[in-house]
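Visitor: Chain residues, written in single-letter form:
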Amino acid sequence: AQSVAQPEDQVNVAEGNPLTVKCTYSVSGNPYLFWYVQYPNRGLQFLLKYITGDNLVKGSYGFEAEFNKSQTSFHLKKPSALVSDSALYFCAVRVTNSGNTPLVFGKGTRLSVIA
Amino acid sequence: GEEVAQTPKHLVRGEGQKAKLYCAPIKGHSYVFWYQQVLKNEFKFLISFQNENVFDETGMPKERFSAKCLPNSPCSLEIQATKLEDSAVYFCASSQSVSSGNTIYFGEGSWLTVV
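Residue numbers (the numbering used here), protein chains in the order written: chain A, 196 to 310; chain B, 118 to 232.
Since the hints were made in silico from the structure, they are not lab data. Remember, it's a predicted structure, so these values are computed and weren't measured experimentally. Just so you know, not all the hints are guaranteed correct.
Covered stretches of chain A, as calculated for chain B (at least 3 residues, CB under 8 Å) [what the hints assert, rightly or not]:
1) 255 to 265
2) 272 to 278
Some chain A residues flagged as far from chain B (calculated, every beta-carbon gap over 10 Å) [claimed, not checked]:
3) Val208
4) Ala209
5) Tyr220
6) Ser221
7) Thr247
8) Asn250
9) Leu251
10) Ser281
11) Thr296
12) Pro297
The beta carbon of each residue, even a glycine, is placed where N, CA and C say it ideally should be.
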């Protein structure tokens, strides 16, 4: 069975500092990995995904994530946080070659960027 | 359209009443997914469709929940005889064809409150 762990419920960071939101996964097979962001009372917005190729993936709003197969991780990063980045972040996984199976989500990490 | 459109945005039902939610996927997307987000932010997969055919219904509480995607109509999720624990945000999502690497795009959600 697939699963995603986001070990931190809350991450606080000062504006201008680098941020990291952690994600580890467990799948039987090769993963496709996704990050989504949810702003208050809004839907999920797609940020970036890892399918194949370069382990460092760049996405929307200056975010990037690094796929690390040996550590089964896909941490989300941004070099310089903005107050407007404050939101709920979800990591998700799908197994490759499994048809259009649903995404399995982590429990979410709330990011708070303090001015 | 270019967005997943969900209606209504908010719905309040008394316990035992019926609730029906609608979703128009992005034009050209063949796959539709329904997810339930409960108060602790966790996402629970309910059901997916490939065009009008049920693709995966492993998450559906079958005794009260039903869903359809009929040609030339919005998809729908219906809850008969709602219970308090059905209070949640219901997200519809869509993606293009089969590959698991396809991005799944989410709507803004329908907030169901059962009182």
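Visitor: Against each hint, give a clear statement of whether it holds in the structure.
Guide: Hint-by-hint comparison with the structure:
1. 255 to 265: violated (count 0)
2. 272 to 278: violated (count 0)
3. Val208: holds (20 Å)
4. Ala209: holds (24 Å)
5. Tyr220: holds (14 Å)
6. Ser221: Since the minimum Cβ distance to chain B is about 16 Å, Ser221/A lies beyond 10 Å and the statement holds.
7. Thr247: violated (8 Å)
8. Asn250: holds (16 Å)
9. Leu251: Holds: least Cβ distance 17 Å, greater than 10 Å.
10. Ser281: Given that every Cβ of chain B is farther than 10 Å from that of Ser281/A, nearest at about 15 Å, it holds.
11. Thr296: Per Cβ check, Thr296/A is inside 10 Å of chain B; nearest 6 Å; violated.
12. Pro297: At roughly 4 Å from the nearest Cβ of chain B, Pro297/A sits no farther out than 10 Å, so the non-interface label is violated.
Hint compliance for this structure: hints 1, 2, 7, 11 and 12 are broken, all remaining hints hold.
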